[in-house]
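Student: As given, the protein sequences belong to chains A and B, one line each in that order. Mapping of the first sequence onto my numbering: residues 1 to 462, in sequence order. Mapping of the second sequence onto my numbering: residues 1 to 462, in sequence order.
Just so you know, nobody snuck in bad clues.
Which residues of chain A face chain B? A few of them, derived with a C-beta cut under 8 Å, are:
1) Asp320
2) Asp326
3) Ile340
4) Thr369
5) Tyr370
6) Ala392
Please keep in mind that the hints were generated in silico from the structure rather than gathered at the bench. Heads up, the beta-carbon is just placed ideally off N, CA and C, and yes, glycines get one too.
There are 2 protein chains.
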Amino acid sequence: MIVPVILCGGAGARLWPLSRPDAPKPVLPLVEGRSTLAMTLERVDQSDLFAPPVIVTGAAHRGPVGAVVDVWGKPARFVLEPMGRNTAPAVAAAAALLGGDDLMMVLAADHLIRDVEGFRATVKAAAPVAEAGHIVVFGIAPTGPATGYGYIAPGAALAEGVGRKVGRFTEKPDAATTATMIADGYLWNSGMFLVRADVMTAELAAHAAEVARHAAAALPETPGDEVLLDEGAFARCPDISLDYAVMEKTDRAAVVEAAFDWSDLGTWPTVLDAGEADAAGNVLQGDVTAVDVAGSLVVSTRPRVGVLGVRGVVVVASDDAVLVTDRAGAERVKDLSKAIQAAPEKVIGDFARHYRPWGNYQALDLGATYQVKRLVVNPGKRLSLQRHRHRAEHWTVVEGRAEVTIDDQILDLGPDESAYIPRGAVHRLANRGAVPLTVIEVQNGSYLGEDDIERLEDDFGR
Amino acid sequence: MIVPVILCGGAGARLWPLSRPDAPKPVLPLVEGRSTLAMTLERVDQSDLFAPPVIVTGAAHRGPVGAVVDVWGKPARFVLEPMGRNTAPAVAAAAALLGGDDLMMVLAADHLIRDVEGFRATVKAAAPVAEAGHIVVFGIAPTGPATGYGYIAPGAALAEGVGRKVGRFTEKPDAATTATMIADGYLWNSGMFLVRADVMTAELAAHAAEVARHAAAALPETPGDEVLLDEGAFARCPDISLDYAVMEKTDRAAVVEAAFDWSDLGTWPTVLDAGEADAAGNVLQGDVTAVDVAGSLVVSTRPRVGVLGVRGVVVVASDDAVLVTDRAGAERVKDLSKAIQAAPEKVIGDFARHYRPWGNYQALDLGATYQVKRLVVNPGKRLSLQRHRHRAEHWTVVEGRAEVTIDDQILDLGPDESAYIPRGAVHRLANRGAVPLTVIEVQNGSYLGEDDIERLEDDFGR
Chain A
1 MIVPVILCGG AGARLWPLSR PDAPKPVLPL VEGRSTLAMT LERVDQSDLF APPVIVTGAA
61 HRGPVGAVVD VWGKPARFVL EPMGRNTAPA VAAAAALLGG DDLMMVLAAD HLIRDVEGFR
121 ATVKAAAPVA EAGHIVVFGI APTGPATGYG YIAPGAALAE GVGRKVGRFT EKPDAATTAT
181 MIADGYLWNS GMFLVRADVM TAELAAHAAE VARHAAAALP ETPGDEVLLD EGAFARCPDI
241 SLDYAVMEKT DRAAVVEAAF DWSDLGTWPT VLDAGEADAA GNVLQGDVTA VDVAGSLVVS
301 TRPRVGVLGV RGVVVVASDD AVLVTDRAGA ERVKDLSKAI QAAPEKVIGD FARHYRPWGN
361 YQALDLGATY QVKRLVVNPG KRLSLQRHRH RAEHWTVVEG RAEVTIDDQI LDLGPDESAY
421 IPRGAVHRLA NRGAVPLTVI EVQNGSYLGE DDIERLEDDF GR
Chain B
1 MIVPVILCGG AGARLWPLSR PDAPKPVLPL VEGRSTLAMT LERVDQSDLF APPVIVTGAA
61 HRGPVGAVVD VWGKPARFVL EPMGRNTAPA VAAAAALLGG DDLMMVLAAD HLIRDVEGFR
121 ATVKAAAPVA EAGHIVVFGI APTGPATGYG YIAPGAALAE GVGRKVGRFT EKPDAATTAT
181 MIADGYLWNS GMFLVRADVM TAELAAHAAE VARHAAAALP ETPGDEVLLD EGAFARCPDI
241 SLDYAVMEKT DRAAVVEAAF DWSDLGTWPT VLDAGEADAA GNVLQGDVTA VDVAGSLVVS
301 TRPRVGVLGV RGVVVVASDD AVLVTDRAGA ERVKDLSKAI QAAPEKVIGD FARHYRPWGN
361 YQALDLGATY QVKRLVVNPG KRLSLQRHRH RAEHWTVVEG RAEVTIDDQI LDLGPDESAY
421 IPRGAVHRLA NRGAVPLTVI EVQNGSYLGE DDIERLEDDF GR
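From just these sequences and the hints, can you work out the full model?
Tutor: Now the structure itself:
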């Protein structure tokens, strides 16, 4: 049995406007409306090969990541990072948690692999190599001279009959070098690894002792199914990738070529290339109409988008923002995000969906003295017990059932029922049911900022 | 004193997604966030030259047009057309309404003229020509070989010392012909006319007798400040432009060259050309960030728009829709609108602002069993007395004051107060105040279509 260790991090600023600080890339509906995390969970959902997964993610992302896991509906363990520290500390914590000679399959939650059977067959074939003590990295046959990936030179064949020793790693070579490398049979480094937990821990101790020590120290003494890493200990881990920390130094690195497709969906052009294109080479998702358009990616999560008479464009429209660029521009969306961050005075309102440990909220309308929000509370979750100094709130339940606390009163409200929270009243919204609760909130007040919340009690330690 | 007759029609499908059937082009915030109707009203707001205007518009557009007039805040008369019949019947009705030898200045509400003083000086200079019995058309010196306009060949100079006889009119010539015409001193037909009401009526009777007769018959016997043309009579008017009906036939046509700038804002490229461009030749309106972009028009009425590394694009983002095209494509946005109309199954929800005689509404959120809307009721207006079979409604006042009727009850609600309308209850929302009323409506029900309204009484004859 192999334990999938799914690394679910990365804000993915290169996928603006869908990716946002509190909407991590693996939960975005990037491929035919589905998230890569959901697809990753399905990929390892085979009980004769894989054990329940361990998901390593940021504590701040527990909500949206957990929501995807809940939809999947199978058991999973969580390792929550108090802050991002790159892949080596994440893998070190998972390896220390698992211990023993269990095989761990380290996966990124934001990769796209369509050939599930090919993936499983490759992992199965590589298992004896990992059991023999190698750190197996899965190599991808290059489909082009990409400069954004690491390259692996395969070395001598292994005794196990599968895979080769790793000759060497080359991080992000220049364009001229990639052509030579591809001709020489180099493979892309997929960032997926199969390794025994004890081997990984030993190699980390040998080559990145600080990472191994502090990651192990960040684990609680008796870890349950949901582990919050200790902030002080984990912060002492160097911020370093597994490639730099271990793979480039160890003599146990082996490479097995993947017998499946792979994309890291790192930028919008990779999303275009990974999508199902129509006859004109367009990948269109959502409410999109394209007339005389070719080679373009057009994604909408809500607005109706019409594209006319252009080629090679990338258009991404979300609830509250729109990106328009071309293939070349899409490689530097980070620059645009920075320019937008530097122009805050232009912001009319924030209409993005915000994920919280209890669910999510989204502003629907904003006036000078009022705001309308949709709150979605996940089953079994509740917001903090709180009060506001400057605003009153009207809550109307539209889906699910709400337990509403207002001062000494507790109300049980279903769809089409409402409650009024006067300014200054202590109140709380909870979902005791088994389905999500949706509430429309109308706020009235002279000040409507998110910081007008006095939290009296909170399930999430805020 | 000259009476401005402002023709305020045209759905402007070429300006999708801002233009919509119930949001006519003259009320759209096309130029630096302002509407051309507002600018047209200001242009004729000079009491020693212009009398209060007569606005000819579709009865269905009375609401949004009236809202712009209300903001302007000066007296105006309205002539409401039960259906669009092109410019000749509209001008005929206005001429019959005015009667006598008053000068009427026929203006389109969707033209942009920035040089207000030049406009007024030109009109003043042309007045003696119109008083002498000519129909003065204002000609624009061509700024390029546009094929979408009518061209005027100036003829002999007039005795009045201003203007010339019209040699001939040429409608929308081909590109080769326009170059010759421009070299020969032809002018563009601006569609603005200065003429005595009695002269216009006589020339219509002579050259378009059906138009003159039925338009006059459509007027009530004692017209007030707001005239609804008779549907039966007005429907009998041929659908014809003033150019075809009169100007190409009359021997009274004179042309005076405009000493001011002019644009008809007919397509997005004309909006680009009319806007204030930055150093890179971009016209950016709303919450727009452009990085490495040139020669582009980017307009947003709400979403945050980021454009990166493209040239010559046209991007227009509204509450619920996005257009992406280039200059050439923008000339055929109508094609795209048609394609979108043909793809209704893709519609997730209609989040556009809809104008009604009482104000406007906009959907903010839509679920399987609920919908959230913002209703804005203009001062002194009320919705119909109505009931719904399939939905209940929660109303929360957020701006202004509401008079809410629910069966036998009448409530007076201010901001932060709410009311519940049970399914089947007879109800009405009215604004008795002097400022707009804004209400957030949360609907719950198994069916939420606009057609679930049983109207028991309505101020607007619906």
